[in-house]
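Number of protein chains: 2
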Amino acid sequence: MTTELANVTVHPQANVYFDGKCVSHTVTLPDGSRKSVGVILPATLTFNTGTPEVMETVAGECQIKLSGHSEWTRYGTGQSFDVPGNSSFEIKVEGAPYHYICHFG
Amino acid sequence: MTTELANVTVHPQANVYFDGKCVSHTVTLPDGSRKSVGVILPATLTFNTGTPEVMETVAGECQIKLSGHSEWTRYGTGQSFDVPGNSSFEIKVEGAPYHYICHFG
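So the sequence lines, in the order shown, correspond to chains A and B. Residue numbers are given in this note's numbering: position 92 of the first sequence equals residue 92, and the series is strictly consecutive. Residue numbers are given in this note's numbering: position 104 of the second sequence equals residue 104, and the series is strictly consecutive.
The shape of chain A in the complex, shown without the other chains (with noise of 0.2 Å):
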């Protein structure tokens, strides 16, 4: 699990989402390579894609739904999923909040 992204440069202006139910911030690697680190707190949200996203759960868990998937699957800390580009996915979070990494591309 990633316990934390050295030598970054974080942009301070957060990205908020759903009435701050979603907040993240981003972060730009060395070879330019684009990184954003979350907290969800709990709620069920839709989320869309443009380029494919791998969800690292930092800590916490969720419950997710692919599109054109029917069943929840859940992941808890240190676990990740992929999501397609151009698609989207529902997060489940219940009782604390889920915090995330979210690596693109």
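Because identical chains share one entry, a pair is satisfied inside a single copy or across any pair of copies.
Derived SDA-like pairs: lysine to any residue, alpha-carbon spacing no greater than 20 Å straight-line:
1. K21 <-> F89
2. K92 <-> T44
3. K65 <-> S80
4. K92 <-> Q13
5. K65 <-> G85
6. K21 <-> T44
7. K92 <-> A59
8. K21 <-> A43
9. K21 <-> G60
10. K65 <-> F104
11. K65 <-> V54
12. K21 <-> P97
13. K92 <-> S80
14. K21 <-> A96
15. K92 <-> V54
Hints in this document: simulated from the structure, not taken from any laboratory.
Starting from the structure of chain A, add chain B where the hints point.
Positioned in the frame of chain A, the structure of chain B alone reads:
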């Protein structure tokens, strides 16, 4: 105004305060000093300080009442305010999220 924090290490687990009304991520600079980048959603909140802090407004605006003061002062994008150590301040955010960098020490 600080538009980016370069060559830093980001701790990917967010700090979530007041049921998510304030969310921040901690960054460590090459010299070992620590800052946080955060956002406060519309609310009136009271924060306590340990070390002295400089709060730099990255986007949005807020009103601040320092401990022992009776008046609110407004700070907008690019403006900063100092908070003494071992003290507290009230912050009022209305309308849009308030984005900040907290410089410690």
